[in-house]
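Chemist: This is what each chain is made of:
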Amino acid sequence: MALSHEFQALTKSFSGVRVANAPFIIGFPDLHFGGFGVDEKSMISVLGKWHKDDIKSYRKESPHFVQDDRLFEKWLDLHVAFLKREFLRLKNAVVLWTMHPWERDARLIKEALIDGPQAYGVIIEVACTRSSEELLGARRAYHSLFDHSIEEDVAYHINDSHRKLLVGLVSSYRHERPKVHEEIVKSEAKILFAAIKNADKKNPIEDEEVVRIVTTRGKPHLKAIFKHYKEINEDLHDDESILAKTMQCLCTPQTYFSKVLDASLRQGADENTKEALTRVIVTRADEEDMKEIKEEYHKQHGVSLSKKIDDVVNGNFKDFLLALIARGD
Amino acid sequence: MATHSVTEDCEQLRKAFAGWGTNEGLIISILAHRSSAQIKLIRETYAQTYGEDLLKDLDKELSSDFERVVVLWALDPAERDAFLANEATKRWTSSNQVLVEITCTRTSDQLLLAKQAYHARFKRSLEEDVASHTSGDFRKLLVPLVSTYRYEGDEVNMTLAKSEAKILHEKISEKAYNHEDVIRILSTRGKAQINATLNHYKNAFGNDINKDLKTDPKDEFLAILRATVKCLTRPEKYFEKVLRLAINKRGTDEGALTRVVTTRAEIDMKIIKEEYHKRNSVTLDHAIGKDTTGDYEKMLLALIGRGDA
Chain D
1 MALSHEFQAL
11 TKSFSGVRVA
21 NAPFIIGFPD
31 LHFGGFGVDE
41 KSMISVLGKW
51 HKDDIKSYRK
61 ESPHFVQDDR
71 LFEKWLDLHV
81 AFLKREFLRL
91 KNAVVLWTMH
101 PWERDARLIK
111 EALIDGPQAY
121 GVIIEVACTR
131 SSEELLGARR
141 AYHSLFDHSI
151 EEDVAYHIND
161 SHRKLLVGLV
171 SSYRHERPKV
181 HEEIVKSEAK
191 ILFAAIKNAD
201 KKNPIEDEEV
211 VRIVTTRGKP
221 HLKAIFKHYK
231 EINEDLHDDE
241 SILAKTMQCL
251 CTPQTYFSKV
261 LDASLRQGAD
271 ENTKEALTRV
281 IVTRADEEDM
291 KEIKEEYHKQ
301 HGVSLSKKID
311 DVVNGNFKDF
321 LLALIARGD
Chain U
330 MATHSVTEDC
340 EQLRKAFAGW
350 GTNEGLIISI
360 LAHRSSAQIK
370 LIRETYAQTY
380 GEDLLKDLDK
390 ELSSDFERVV
400 VLWALDPAER
410 DAFLANEATK
420 RWTSSNQVLV
430 EITCTRTSDQ
440 LLLAKQAYHA
450 RFKRSLEEDV
460 ASHTSGDFRK
470 LLVPLVSTYR
480 YEGDEVNMTL
490 AKSEAKILHE
500 KISEKAYNHE
510 DVIRILSTRG
520 KAQINATLNH
530 YKNAFGNDIN
540 KDLKTDPKDE
550 FLAILRATVK
560 CLTRPEKYFE
570 KVLRLAINKR
580 GTDEGALTRV
590 VTTRAEIDMK
600 IIKEEYHKRN
610 SVTLDHAIGK
620 DTTGDYEKML
630 LALIGRGDA
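Taken in sequence, the protein lines are chains D and U. The first sequence runs 1 to 329 under the working numbering. The second sequence runs 330 to 638 under the working numbering.
Since the hints were derived computationally from the structure, they do not count as laboratory data. Be a bit skeptical, because a hint or two may be false.
[Unchecked claim] Reference listing, derived: stretches of chain D covered by chain U, where coverage requires no fewer than 3 residues with Cβ under 8 Å from a Cβ of chain U:
| no. | stretch |
| --- | --- |
| 1 | 153 to 164 |
| 2 | 172 to 184 |
[To be verified] If you want the footprint, here are the derived chain D segments under chain U, 3+ residues with CB under 8 Å:
| no. | stretch |
| --- | --- |
| 3 | 143 to 149 |
| 4 | 210 to 223 |
[Said to hold, decoys possible] No more than 16 Å apart at the CA atoms, straight line, and that leaves these computed lysine to aspartate or glutamate pairs for EDC-like:
| no. | chain 1 | residue 1 | chain 2 | residue 2 |
| --- | --- | --- | --- | --- |
| 5 | D | Lys-274 | D | Asp-115 |
| 6 | D | Lys-41 | D | Asp-319 |
| 7 | D | Lys-227 | D | Glu-182 |
| 8 | D | Lys-186 | D | Glu-209 |
| 9 | D | Lys-56 | D | Glu-40 |
| 10 | D | Lys-74 | D | Glu-61 |
| 11 | U | Lys-504 | U | Asp-548 |
| 12 | U | Lys-469 | D | Asp-53 |
| 13 | U | Lys-520 | D | Asp-147 |
| 14 | U | Lys-520 | D | Glu-182 |
| 15 | U | Lys-469 | D | Glu-6 |
| 16 | U | Lys-344 | U | Glu-381 |
| 17 | U | Lys-469 | D | Glu-209 |
| 18 | U | Lys-570 | U | Asp-545 |
| 19 | D | Lys-52 | D | Glu-6 |
| 20 | U | Lys-495 | U | Asp-541 |
| 21 | U | Lys-452 | D | Asp-147 |
| 22 | U | Lys-607 | U | Glu-549 |
Because the structure is a prediction, the values reported are computed rather than measured. Built from N, CA and C at the ideal position, the CB exists for glycine as well.
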């Protein structure tokens, strides 16, 4: 006879969200959807032991099955698709991790182009948080993988106001000299400030000068602009605009990554947002970034990234992520 | 044996500077007959042996046109392109055409090396300099041309070629020469794809695209667009024209002459000479001989003769 705590365990292992201390609640499907990864061990121990009657009881009680007219408990398509995605999280993470970083970034950009406007953030992230040489490597890999250049595909597939900015960002080959010209920093900070203030009349990312500054200047120069900008006005940190995202990626990537990770771990996050968990951890695990990202995350959210992942994520996928984060500790 | 002759070259060059005046003949006879790889070795050995930069000594000892052709030739191709590109961005010698020439006639990797050399020498990126020194339509075209890293494979999509030929024709008919799709196609597509597109353009619409871009002979932007197309598709014809105009100009345009000879001597000078002969009924050697003199002439002739057996 199946025990109710086993029902709960199986639900959670199917990436159902844990509802602390609550008994198995029938009829509230949203409480049982939206976790991360699958708990392989639990599935094996529960399902491996249950008789077919236990499984039938589970189907009858679970909100993810409906009683069909032809007298069987039918699994909701949406949930089957959801499970498939959750089962694949480990595979995606492992494959991405093993891949050469250049191929990784090239494929991420290609997928983002296919996913459309909701994934522009990924293009910005890859183009802005990698070093000049890493981005160049991704451009080379893209030639080999897709017989096109990144810039021609970005220019072709993006037809809206984002085109100029995104093409410029993926084409950049910045000089990373540490020395910075104060007067130019000041005048370019003014230009950015004016464009942002004027945002309701003209989209800042369609301003030629804004695009020029953000897509061609080196990072130390941009960091100086960011700092100067903060001194003369508000912070860009809470701004959700594309320009703000771009500046954050270029100047304070650990803050950007910490935000993206937090969003991915929240309940009810959509797939695009959730994907960031794998992407950010796999792409930054070997970089000096990861240490800073963990510190920033802890500072912003009062709990360590590892603890949060431990709470929210299941199974082998969780173990893999935790192992990646712990590297270099 | 190779090392021995590098040492000899250095000694001879050092001798050429010794005492009053300079033995230009000696300089020509050595440098004009070395490849860029060999010159690199000579520069390194010269620096180790005499503690001085060969280029600085050349700069001290030589003058004007002759100096420029020797110094440009002695630079590594990537450094040369970086130097020429930097010159082109400076306001007082602004030359958008030179930027188009460098970004469109080089291979993707040659352009990349030039950009790396630019980083090293000028401590800025070529993109940021071109962006901050150009404006309007010229910036719209030149920055993407400088930033691109074109796919260099042979893969061509014929459906795309047809649709992009149509777009180009539409925009040109509307006189929307600076339209972002025109710029997108010319500045991001690989050369094989562009060739396919422009071939289709001619088949479908009757004219070469450059003929349709000639509506206003005084329009500088159209001239730059035509140069872009030519550099991407028929560089040898582009260079022939630059040379022809440089030589026929009242008093030669030494800048253009020097630039083309030094940058193409190791690449496609033979083809350019054939093109020149075809178009002008005299050889390039003959034309240069007629229009230039002295050591400058000797150096140019030595350089364009490099490919000949």
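Chemist: Now look at each hint and say whether the structure bears it out.
Modeler: Taking the hints in turn, this is what the structure says about them:
Check on the stretch 153 to 164 of chain D: 4 of its residues sit with their Cβ under 8 Å from a Cβ of chain U, so the three-residue criterion for coverage holds. Counting residues of the stretch 172 to 184 of chain D whose CB falls under 8 Å from any CB of chain U gives 6; the rule of at least 3 is met. A stretch counts as covered by a chain when three or more of its residues have a beta carbon under 8 Å from one of that chain; for the stretch 143 to 149 of chain D and chain U the count is 4, and the coverage holds. Judged by the Cβ-Cβ criterion of 8 Å, the stretch 210 to 223 of chain D is covered by chain U as claimed, because 5 of its residues qualify and three suffice.
A distance of roughly 14 Å separates the Cα atoms of Lys-274/D and Asp-115/D; the hinted pair therefore holds under the 16 Å criterion. Among the hinted pairs, Lys-41/D with Asp-319/D is consistent with the structure: their alpha-carbon atoms are about 12 Å apart, no more than 16 Å. Simply put, Lys-227/D and Glu-182/D have alpha-carbon atoms about 12 Å apart, close enough for the 16 Å limit, and the pair holds. The straight-line distance between the Cα atoms of Lys-186/D and Glu-209/D is roughly 14 Å, inside the 16 Å bound, and the hint therefore holds.
Taken as a hint, the Lys-56/D and Glu-40/D pair is broken in the structure, with Cα atoms around 20 Å apart against an allowance of 16 Å. The straight-line distance between the Cα atoms of Lys-74/D and Glu-61/D is roughly 12 Å, inside the 16 Å bound, and the hint therefore holds. About 12 Å separates the Cα atoms of Lys-504/U and Asp-548/U, which keeps this hinted pair within 16 Å; it holds. The hinted pair formed by Lys-469/U and Asp-53/D fails the criterion: a straight-line CA distance of about 70 Å is larger than 16 Å.
Only pairs whose Cα atoms come within 16 Å are accepted, and Lys-520/U paired with Asp-147/D is accepted, the gap being roughly 12 Å. With a C-alpha separation of about 41 Å, the suggested pairing of Lys-520/U with Glu-182/D is violated against the 16 Å cut-off. A hinted pair counts as satisfied when its Cα atoms are at most 16 Å apart, and Lys-469/U with Glu-6/D does not qualify at roughly 64 Å. For the proposed pair Lys-344/U and Glu-381/U, the alpha carbon gap of about 14 Å is at most 16 Å, so the pair holds.
For a cut-off of 16 Å, the pair hint linking Lys-469/U to Glu-209/D stands: about 11 Å separates their Cα positions. For the proposed pair Lys-570/U and Asp-545/U, the alpha carbon gap of about 19 Å is over 16 Å, so the pair is violated. Distance hint between Lys-52/D and Glu-6/D is fulfilled; the C-alpha atoms sit about 15 Å from each other, no more than 16 Å. For the given pair, Lys-495/U sits about 13 Å from Asp-541/U by alpha-carbon distance, which is consistent with the 16 Å threshold.
Simply put, Lys-452/U and Asp-147/D have alpha-carbon atoms about 32 Å apart, too far for the 16 Å limit, and the pair is violated. Taking the CA atoms of Lys-607/U and Glu-549/U, the gap is about 28 Å. The hint is violated against a cut of 16 Å.
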